[in-house]
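There are 2 protein chains.
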Amino acid sequence: MSLVDGESALRGALRGAGHLLPGARPGIDGHGPEFEAVVDGLWRAYADRAPAGTPVMAFGPLIDAAQFTATDYPRSFPQLVGEVEVFRGGDPEHRALIGDVDAGRDWTGYFEPSGMTLVPATCQNVYPRYAGTLEAPTTVFCRSWCFRHEPSEDPVRMVAFRICEYVHLGTPDSAEAFRADWLELLLDLFRGLGLDVAADRANDPFFGRVGRMLAANQLQSGMKNEISVDLYPDRRTAISSSNAHRTHFADSFGIRLPDGGPAHTACAGFGIERVAIALLATHGMAVADWPGPVRRALRLGRETV
Amino acid sequence: MSLVDGESALRGALRGAGHLLPGARPGIDGHGPEFEAVVDGLWRAYADRAPAGTPVMAFGPLIDAAQFTATDYPRSFPQLVGEVEVFRGGDPEHRALIGDVDAGRDWTGYFEPSGMTLVPATCQNVYPRYAGTLEAPTTVFCRSWCFRHEPSEDPVRMVAFRICEYVHLGTPDSAEAFRADWLELLLDLFRGLGLDVAADRANDPFFGRVGRMLAANQLQSGMKNEISVDLYPDRRTAISSSNAHRTHFADSFGIRLPDGGPAHTACAGFGIERVAIALLATHGMAVADWPGPVRRALRLGRETV
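Taken in sequence, the protein lines are chains A and B.
Heads up: the first sequence at position 186 corresponds to 186 in this note's numbering, and the numbers run straight through without jumps.
Heads up: the second sequence at position 162 corresponds to 1162 in this note's numbering, and the numbers run straight through without jumps.
If you are wondering where the hints come from, they were derived from the structure by calculation, not from laboratory data.
Where hints are given, some of them may not hold.
Footprint (simulated), chain B over chain A, 3 or more residues, beta carbon under 8 Å [what the hints assert, rightly or not]:
hint	segment
1	57-65
2	73-85
3	91-104
4	197-210
Ranges of calculated distance between the beta carbons of each label pair, as one might list FRET restraints [what the hints assert, rightly or not]:
hint	chain 1	residue 1	chain 2	residue 2	range
5	A	Pro-22	B	Thr-1054	11 to 21 Å
6	A	Pro-293	B	Pro-1293	26 to 36 Å
7	B	Arg-1212	A	Ala-52	50 to 60 Å
Backbone N, C-alpha and C fix where the C-beta goes; we use that ideal spot for every residue, glycine too.
Excised from the complex, chain A in its bound form (with noise of 0.2 Å):
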């Protein structure tokens, strides 16, 4: 059964409680205090889940673009990208910009590569820095800012949002292991939560013709898990999912076995927004009213923001 009758019922109920702070353009709005407080109390939790001694990274919403072009998302996700642009002209420049802006044109034609792209997954940022050789597997937890660009009115499809993700850096079967384990530990935190999640093969936009065939491995690979729930009527809502991905980024970065072989990788994240707007559409939009062992389970009620 559904939770919502559609897009525009859900966005409209988040909004009205305040949760969702209309911006001007689609997948751009802005949050109140009580959906922050959520989206906290959701990676806390999942940070707990840590076992002792696990590396913790926080990142802002950018990735260095020769990393994020080793990643290989550019070739497969072109449509997703958000590439970072910057001024470095002088003071004719500058007269023309300012021209541009007077006149209520584009101002942006001076503008060039900056180097950077914004990050569509927080795992991106976590496997160059494991270049070189891996004394032993090895477990990260993350949490950054990231960028789709899918701009969209579904409320729980935004262009910007966070992930926190789980990622491991081992063998073979470790990382296979991980995957399957932690794919249960995320069905578990968030039975937990009290939402009514279920496991299916994931279905990632491939851009293209190529992509079309991308897709269809991916299906019949099973090396990708997503945690769906049924928000809406016509279709379930991915919120989470578990990856494993073999050797791609380890190639990528040259992340290597003690033997010398390619290390194999693996994540397991949620996107933290779509959690916490699954949690709303299941227990209501007053946060106050919602189930105690879930409200302490997210340490709500202790934050004065």
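Dock chain B against the given chain A, drawing on the hints supplied.
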């Protein structure tokens, strides 16, 4: 007396202690868990100063480009702007992009303006939300990621960083009172955290020939005060500012008083990472050993991450 020998000593200490995680280019280092706990503690300590009923707004790193243009920032500080470009091509452009990737060339030739830029100051996302008639003077608390393209080896000069601010919208008198009062409140907050701070008139990096005039006007007007610490031997380092904008943003976004005249605005906030680094330089790299009152003010020691 300066706190550290210089930029490279500070950078080395911060990285050595795991507070900064070196990025592939200047200004986009990641952050370790103790650093993040200090960041969280700082914005919460500032949020605690909010009068009852203060609206709270959290934003991602982006702003609508038309709203950004209306702030006049591209005219005054083009060299700091980060503009976001996206790919709207089809299969032929995708093939060409893949060709560029494979040849190791710049692959951004098929990208075009997204209609979004990175936001350089959190308050820019607040003003447009008050377009129209302001019923009474209003103060808002806000926080977000920000971007200013001034890559540097100086660890306090980040390209991506966080700001938290109070923003005031009101009358000429209420805005001027806000600027003066919140300057004192910020000084009090920082002194309570053991920082040796001083207030100065601000000196922003306005661009080019026109910019030198604007900078002189800013110094003379006293409309912007900075709060600085004695971090390095050769200069003071700004960590915070309190600004009165007169009718600048009200004119840009059509924010009017009940009598039909333009509102006056002001804002008072700080660069969260800069204050965190000032605290680390003052109290030492081992956050567990900071003075008890500072740890309590920042609610340190309760978090697992």
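For this session: Determine which of the earlier numbered hints do not hold for this structure and return their numbers in increasing order.
Result: none
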